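A.B. asks: Spelled out from the first residue to the last, the chains are:
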Amino acid sequence: MIYSWRKIVKTGLPLLSLTILIEIIAGQILQGKQESLLLFPIFLISIPVINSVSGNIGSVLGARLASGLHVGYITLSLKDKEMHDNFIISLLIGFITYFTLAIIIYFIAVFGNLLTEDIALINFIMIFLLTGVLLISIVALVSVITAFLSFKRGLDPDDMVAPVVTTVADVLGILFLFIIIGIFGVGI
Amino acid sequence: MYAKEMVKQSLPLIIFCGLGAIVAGSTLGLMTDLLREIPGLIVVIPAIIAMRGNISTAFGSRLGSAYHLGVIDANNLWNEELKQNIIGSLLLSFFVAIIIGILAYITSIIPPINVYPNPIKLISIVIIAGILSGVILTIMTIVIIFLVFKRGYDPDNITGPALATFGDIITMLSIFGSALLIEVIM
Chain H
1 MIYSWRKIVK
11 TGLPLLSLTI
21 LIEIIAGQIL
31 QGKQESLLLF
41 PIFLISIPVI
51 NSVSGNIGSV
61 LGARLASGLH
71 VGYITLSLKD
81 KEMHDNFIIS
91 LLIGFITYFT
101 LAIIIYFIAV
111 FGNLLTEDIA
121 LINFIMIFLL
131 TGVLLISIVA
141 LVSVITAFLS
151 FKRGLDPDDM
161 VAPVVTTVAD
171 VLGILFLFII
181 IGIFGVGI
Chain S
1001 MYAKEMVKQS
1011 LPLIIFCGLG
1021 AIVAGSTLGL
1031 MTDLLREIPG
1041 LIVVIPAIIA
1051 MRGNISTAFG
1061 SRLGSAYHLG
1071 VIDANNLWNE
1081 ELKQNIIGSL
1091 LLSFFVAIII
1101 GILAYITSII
1111 PPINVYPNPI
1121 KLISIVIIAG
1131 ILSGVILTIM
1141 TIVIIFLVFK
1151 RGYDPDNITG
1161 PALATFGDII
1171 TMLSIFGSAL
1181 LIEVIM
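Protein chains in written order, with the working numbering: chain H, 1 to 188; chain S, 1001 to 1186.
In case anyone wonders, no lab produced these hints; they're calculated from the structure.
Heads up, a few of these hints could be off.
[Unchecked claim] Here are some chain H residues pointing at chain S (derived, C-beta under 8 Å):
1) 5
2) 9
3) 27
4) 30
5) 44
6) 56
7) 70
8) 93
9) 108
The model shown is predicted, which means the values in this text are computed figures rather than measured ones.
From the three backbone atoms N, C-alpha and C, an ideal C-beta is built for every residue, glycine too.
Can you make the complete structure from the sequences, with help from the hints?
C.D. replies: The following block contains the structure:
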């Protein structure tokens, strides 16, 4: 027997509890803006999308950095060219993905009668894309830092990056969305 | 050339996962009435999704490792190792769900926020949603692993993206269902 339910619960609980605590903070930010979100359900649809895209890209970046560090073709230097390339490509993939999904979400909201208040397509794309690009930039940075720091301390970046990056993306995604909406002033 | 290869390999999967997130988001978009009627419900949603994601991907990757270690395979799937993994994942979901409900309640009633959820209602919703999505995703993972074994693929390459795409949708539908159920019976 290599697995026991006791061990699974014991090793999982501490990290999960910490993650949950941070996610509750994200939830409280949502609760603070709940009235506005209910007026603009298009942003309610957008939140899981904004968060999960950056979480996924950040996790892929982290896994690639981890492999590079393990095999040795990426060095622990902030000037590493291979790391820079991976970073830039992650931002590029983020930009294309956010742009594509923004258009799809807008039309789902239009055809699903979820646009209770008018928002122009161009405004929505601007808000969604700006939030997404800002988020993926920070999340990619967090991914690099987490991968490098954990590798330096002898921890496996494969275990560390995904939980850290998805949690950070969840909180910052919600925060950035409200900041950008505030700047554009669509009434939230 | 290298950059082009990388974009070509990851972009379709990232966009596909994004489409899955749109389905999850649209479910949330349909919950406006429930969110209005159940104070505190919106607080627990990111936490339940994160819990489900963490527990399910860990479960999937442990089964992947178990396969590589030769502990389970297509002909010897339903054994004690798998059962321990299932019990562990579901118990973990149960404990974390209780923690989520309690934390959401406590952080809501403190002064700057001042929202007063019904604690029993909130904790019940989290537990039902957590266990329901846990059971569905556990069954789904086992079915995926079984199919992957039969075809001789490496489970590590399949379970992660599959759980990332369907996990959020199933979790959001479970939250919708349990909130609706609790709202009707309580």
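A.B. asks: With reference to the structure, classify each hint as holding or not holding.
C.D. replies: These are the hints, each one checked on the structure:
no. : hint : in the structure
1   : 5    : holds, 4 Å
2   : 9    : holds, 5 Å
3   : 27   : holds, 4 Å
4   : 30   : holds, 5 Å
5   : 44   : holds, 5 Å
6   : 56   : holds, 5 Å
7   : 70   : violated, 15 Å
8   : 93   : holds, 5 Å
9   : 108  : holds, 6 Å
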